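Trainee: Spelled out, the chains give:
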Amino acid sequence: MSNSLPKQSVPFSWLFKMAWRDSRKNRARLLLFISSIILGIAALVAVYSFKDNLQKDIDAQAKELTGADLVLDSRKGVSKAMQKMLDTLGNERSQEKTFASMIYFQKGGGSRLVQMKALEGNYPYYGSIETIPLAAAEQFQSGRNALVDQTLMLQFNAKVGDSVKVGDLNFKILGTLTKAPGQTGIGATIAPTVYIPLQLLGKTNLIKTGSRINNKFYFRYNDPSGIDEWVKKNDSKLEQEGFDADTVESRKEQTGRSFKDVNRFLALSGFIALLLGCVGVGSAIHVYIQEKLSAIATLRCLGLKSRHAFLIYLIQVFFIGLIAAVLGAALGTGIQFLLPLVLKDFLPIEITMQVSWPAVGQGILLGLIISVLFALPSLLSVRKISPLNAIRLSFEKTGEKRDFLTWVVYLLMAAFILAFTYLQMKTWLQTLVFTASIAIAFLLLILLSKILMFLVRKLLPNSSGYLWRQGFANLYRPNNQTLMLTVSIGLSTAFICTLFFVQGILMSRVTLSSGNNQPNMVMFDIQNTQKGGLDSLTKAFKLPLMNQVPVVTMRIEEINGKKASADTNNRRAYRNEIRATYQDTLTAAEKITAGKWTGKIKPNETVYISLDQRYAQQIHVELNDKILFNVQGMMIPTVVGSLREVNWSRMQTNFRVVFPAGILEEAPQFHVLMTRVPSGAVSARFQGEVVQKFANVSVVDLDLVLKLLDELLSKIGFVIQFMAGFSMVTGWIVLISSVLTSKNQRIKESILLRTMGASRKQILAINAIEYFFLGVFAAGAGLILAISGSWALAKFTFDAAFVPPFISTLLLFGSIVLLVVITGVLSTRSILNQPPLKILRTES
Amino acid sequence: MFGYIYTQTLKIQLLESILNIRNVSKIYQSAGRELTVLDNINFSIKAGSTVAITGPSGSGKTTLLGLCAGLDRASSGTVELNGIALEKLNEDQRAAVRNQYVGFIFQNFQLLPTLTALENVMVPLELRGAKNIRSNALALLDKVGLADRSHHYPIQLSGGEQQRISLARAFSNQPALLFADEPTGNLDAETSEKVIKLLFDLNKDAGTTLIIVTHDLELAARTERNIKIKGGIIISDENPTYVQ
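Here the protein sequences line up with chains U and P, keeping their order. Just so we're aligned, residue 202 is where the first sequence starts under my numbering, counting upward by one. Just so we're aligned, residue 5 is where the second sequence starts under my numbering, counting upward by one.
Among the clues, some could well be false.
No farther apart than 30 Å at their CA atoms in a straight line, the calculated lysine-lysine pairs in the DSSO-like style are these [unchecked claim]:
1. LYS226/U <-> LYS135/P
2. LYS92/P <-> LYS585/U
3. LYS226/U <-> LYS277/U
Keep in mind the hints are simulated off the structure, nothing from the lab. Fair warning: this is a prediction, and the values are worked out from it, not measured in the lab.
All chains, full assembly: derive it from the sequences and hints.
Mentor: What follows is the structure, encoded as structure tokens:
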């Protein structure tokens, strides 16, 4: 007679109870494991909150961004028909002409190229031009007054009431300009603004042939509801006249779009930190489960089913993940207040940061999903733990092969990463590229660290001291996390180092003049009648005349007989003004890649022009194509005779379109002159003289430009490094977590060694050597990845040479190795401070 | 086919032969070759009896215990525990059988370190959803003389005390069979004696079939039957009281 199979009914509440009980004495450890994701969640919540608040503020302040309901601007002159139309628009109108010009400070004699804005009307209708004193913004148009940007006031130590020369006129500084609508801090640094009344612009004599003026018309409507529709309806006419239209809605979209890429970058940086944390979580949970082997096996002996054992640990991970996600969200909510400070120079509006509950919710959900997902492979292995492990490990290790469910989990992980990336990128191509790059980076790091470990194993001589051999051997201890650590620390190292190297590449790309024979000052807008005088002035200052070229402004009228209206896929070619030159020989920066160079033509001969090959591609033009140019009213038919490769980074004037000598000499033109000034003092004096005698001539000090670019890149670099810092700190947390995870094993090893007579110093040295190797593998793999990645970026994206800066690279490498060693040694020091017997009693 | 009996209305039919091992072999794959740990084992155990399984290290006695208790599956042969053929069951079904019919005492006690003494004893009862779990567990702790240590964790208890808690846990679900794997292996002689006495006293009270794996011949001598194993086969079966 046989008995029936018993039915077991385990209440769900018991699983929660058991999860709670089992987590006793482990809660701090579990929290430490999961803490690796806290920073990643914090970064993401900060970014999402920033994005939400930015969008809210853009929506709220969009009107202040444009300053009007409708803005029409053009670089072309205004036709009569267009003027007629402009006169009918809006209930209130303002006009502004914007152009680059020199300003001269009478008191100190300083001068600088600025963005001149000649304004007429009550613009801005929304928001304000902010000045010190406040009233200056409203009063400056009533006299010969100027509002000067605070950057300039500081640079030239100027005060309200001082006099500045703009063209042929002197203006009184009525106020310091602190903010203008739509202006960013970085914009003001690079191109500081000066406002003058429009009615006085003519008297400055600044508007000359070739002057690049942007005409802006501002309109306020009593009822702005139909503006966007009007713009849509009149789009082709506006385009024909060369006008761009900007409304509150379009500015909202545009501003949002500009920050979309920033937000994407920030979110993806945070995601990388989160992924690193997940690698740490996955590994730590794996070790945690390994330590629970005996307890789980005992429970299985007592009758616990495999799925219930799985659920107990799933419940633990779920709640710890929830706690970590909440902590991360709370931290992120705090950090979000830092982001506006980090990005302040790039923001055109005031941001009011407040708690974004959707962002907090997203962060918590993400943290929960990711902590459970990355712990699942280890949790699933709980089902395979045999009760035999309670009496001893079986000969056959069951459950080592990954089952179907584990593969499903891996697929889910990949799908999750893809889905999250797609939500940021919005295009599948970019999503796949980013995800593949992360995957390749992980694999490369694993490969590189394995290669490094293999090399050290082979190269470490047998005769080397015991401490070295033991320290290295420790990396291979059972359940070691060596590979996981080298990946997490290596990836954050690679990330930060790549950013550092790329910043250097970009700076070297724009470092135009470093040699003593390179020009560092350029003057343009030189009229024909001023050329001789400026040459003499330059020679009087004993400065070399390094590069003198004529510049003729023109537009494309037809390409192969087609006008803009017919050539609908190539509208850009016809819209933009071209600044061309004429020369009889190629310069050192030019090389013919196709066709035949024509340096000079006789009257009535075909005009063979030469185009920059990339420009030709952009406007869909090939060799022997016919282009009809409108040279300020005069039509000149040409044929594309050759294509050139131009070295644009070379310090000289380069042109997309080059005419042969013999055709444009009589055309309206201005000149560009380049020279080299030996010092800042000479530069200031020379500029002052130029501005005084030739008010319309613009002078650009290239050293100042480089300084500004350096500042800009530094600010951008800071933002990037701020986000990359999350990855670095996460990598460090993963390291600490790993050290503490392996604490028990280290204790046993330490006791054994001390029982055999090893001193504290020797054991400390072994630990230090172990972490030294770990740091070397991680930093080494990360640096190799960073250097390769930077080289590839330099070659294929920036078209620049890349040589890793030796000292900085060495310092980076050394710092990371030191950090790893210090962290590891400090964490294990506590083991050594107590007698072995005490530890044995405590840990048995 | 077996029907299902809900564990709350427990009806155990004590069979004359509570454990039947027929032609059981266990073969492992190890380092690419086959290792026969048990070879064609045959015996039966009468309900309520006390049996020792002895043999030198590596003889297969622990493996045999594992098969008898349903912790593992035989490579061939049948294991019938309380009338249930274990080889036909999946792991979860075997777990249910263990919870219902089997108690364990381990050499290294195997108390759950994060549970108190009382909670350790309660686990088997909680798994089967029994009633009066707490009071039953306390009563058992009292029987082993550790009622006053009910809220202590294993780390706060000595080896002997831990094994006594283990005893209480093993008897908590009133098992039909109790398997003890080297129950005194980690204890000193004096403590061993106390634990063994307690084991046999509790066993006598409960009427459980007791199967002890040990290499301690003195302990083996206290049982009614001694099955000796060497090299994976039974070399002797002294004082057999099995039913053919």
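Trainee: Look at each hint and say if it fits the structure.
Mentor: Okay, the hints, checked on the actual structure:
| no. | hint | result |
| --- | --- | --- |
| 1 | LYS226/U <-> LYS135/P | holds (29 Å) |
| 2 | LYS92/P <-> LYS585/U | holds (19 Å) |
| 3 | LYS226/U <-> LYS277/U | violated (76 Å) |
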